[in-house]
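Undergrad: Use these hints to put chain B onto chain A, whose structure you have.
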Amino acid sequence: MTRTKSLFIALAAVLALVSTAHATLNVVATLPDFGALASEIGGDKVEVTVLAKATEDSHFVDARPSFIVKLRNADVLIEGGAELETGWLPPLLQNARNEKIATGAPGRVVAAEGLRLMNVPTDVTRAAGDVHALGNPHYMIDPIIAKTVAEHIAHAFAACDAANAATYEANYRTFAATIDARLQEWGKTLLPFKGANVAAYHDSWPYLAHRFGLTIDTFLEPKPGIPPSPSHLADVIEKMKAQHSKAIILEPFHNRKIAEKVAASTGAKIIDAAQYPGALPNTDTYVALIDALVARIAAALREQ
Amino acid sequence: MWEVMFWPCVACVLLPWLLVYLGIHVVQRGIIFIDIAMAQMASLGICVAVLLHLDLQSPATFAIALGFTLVGAVIFSFTGKRSSQVPQEALIGIAYVVATAAAVLLLSRAAEGDEEIKNMLVGNILLVSPAEVWQCFGLFAAVGVFHGLLRQQFMLVSFDREAAYQQGMRVRWWDFLFYASFGVVVTSFVRIAGVLLVFTYLIVPAVCGISLAGPLRKRLLIGWLLSLAGGVAGLFLSFRFDLPSGAAIVCTFGALLILVSSAAAIRDACAPARAQRAQRH
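For the record, the sequence lines run as chains A and B.
Position one of the first sequence corresponds to residue 1 (the numbering used here), numbered consecutively onward.
Position one of the second sequence corresponds to residue 1 (the numbering used here), numbered consecutively onward.
Source of the hints: derived by calculation from the structure; they are not laboratory data.
Quick reminder that beta carbons are idealized off the backbone N, C-alpha and C, glycines included.
Careful: at least some of the hints might be erroneous.
Claimed, not checked - Heads up, incomplete: computed chain B residues facing chain A, CB under 8 Å, no partners named: (1) 105; (2) 108; (3) 244; (4) 245.
Claimed, not checked - Listed below are the simulated SDA-like cross-link pairs for lysine to any residue, each with C-alpha atoms no more than 25 Å apart in a straight line: (5) 100/A with 224/B; (6) 257/A with 108/B; (7) 53/A with 250/B; (8) 100/A with 57/B; (9) 223/A with 129/B; (10) 257/A with 97/B; (11) 53/A with 240/B; (12) 257/A with 1/B; (13) 53/A with 1/B; (14) 257/A with 100/B; (15) 261/A with 107/B; (16) 223/A with 196/B; (17) 100/A with 242/B; (18) 81/B with 163/B; (19) 100/A with 2/B; (20) 223/A with 240/B; (21) 100/A with 114/A; (22) 239/A with 108/B; (23) 239/A with 229/A; (24) 53/A with 242/B; (25) 223/A with 81/B; (26) 257/A with 101/B; (27) 223/A with 163/B; (28) 223/A with 57/B; (29) 223/A with 5/B; (30) 100/A with 7/B; (31) 53/A with 196/B; (32) 53/A with 5/B; (33) 261/A with 153/B; (34) 53/A with 237/B; (35) 257/A with 163/B; (36) 261/A with 104/B; (37) 100/A with 129/B; (38) 223/A with 100/B; (39) 223/A with 237/B; (40) 223/A with 250/B.
This is chain A alone, in the form it adopts within the complex (with noise of 0.2 Å):
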């Protein structure tokens, strides 16, 4: 009994190492910076799916049967973690019943996992809006979380895929000297607006604000995921002219006309940004979109 067991279980070994040998990794990713980061690491050893579309809400993700047929095949999940699919991905999981990704399965990558969030609350009512328990999850805009993310991944593809463990491993060092040269531009390009206040629609931005030393702390959303109110837009518009505020940051998928009314209140600019790869022309990498966010915000600011 035990020897036919043992015998299965080596059977199934070397089955498992000349399928990982020869086929692709397949890799599905939440969201687009996941799917970028994923691309980056894993090369042409690894066939990337994206779910959520980079120009919409990673709040909402609308589910095509072709979602739960990728969970189904995928050798690896990239999640964010720290609740921000939350509302969605929870049962497309349940309905594609993949041990491969399974929770705690090698399989399985939750981004937020060992990374120290900002703005965990320490009192988690609801009362608060959309608040997110584990602290903000838009943590990606940050160049050296993403260094520690594009880490965790390539550790997990090794893992998944142990013949091609180098190549991962040789791809993540490449992706991490190419942020660190690039972190020296992005500041020197920054440096000029050090402390400067920026208003924004929605909290996405804190990792940013904290990286590159701007102010983001006034938002046109009264609390996260909560349409603006006149009064509050009042006390936004009041807060933005006593401190100055040029920009006001603003997502694909916001109340454009929101933004139009304070920005002509008070005569900041619109910075059309985003939090995803692919979302702003030419940002298909993650670094182009970082370049492109911090053009885009120098910009704003350098005008007036």
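TA: Positioned in the frame of chain A, the structure of chain B alone reads:
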């Protein structure tokens, strides 16, 4: 395909029959938007639960939502007069906009994001779980038995209100029972399949049945066959072309309705000619 679409398919086969039956009542009574008004009352109830800091998944929240649905049932049954200049549909519309606006006000005061409320109220047929399907089926079976036992009274109240009044029936109470059971059905199906699908399953098969046949049995049969065909075909198209499932089913029903009404129009156009020919012979 089968692995992904199995439970949505089961849901589309096991659940719509009751909606088609209730839809025939709804179309006959001319209260087309009652389902959306009822669903909105339920969501207003959930907003109140949020204001009271209740857990959204708790039985208390469900009870409050149900309570608001019943309030809706009371409003609709006791405002429906025997003869009135104001159509019932106007009151339904008013109830819908006021409930929607009240929900917006409550949410702004509760400072609660609408994302979880949306998730809770508006399901996605693609993601139904077996437990949801069976629970909903059990509930529908109970409501179905209730309506089956009392079908004659419900029929009379929906189809011949004057006769019901003349027979001394307490029409308002029957209306209340109808609206209350209807509210329970709609609220639970919305949680599985979303608002668009509820409306479609209620109205489209009923309209097709009514335009193709006279007797209730034939209308029901046509409605049921159509709801099966539309649901399964919609799911297939959703899979084949990778479209959001609910919207694919709704558009399939739209196409079926066009087919059925053209068929009915051709039949009606041919009917006088055939009658003339029969006369000549």
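Undergrad: Which hint numbers does the structure go against, in order from smallest to largest?
TA: 1, 5, 8, 9, 12, 16, 20, 25, 27, 29, 33, 35, 39, 40
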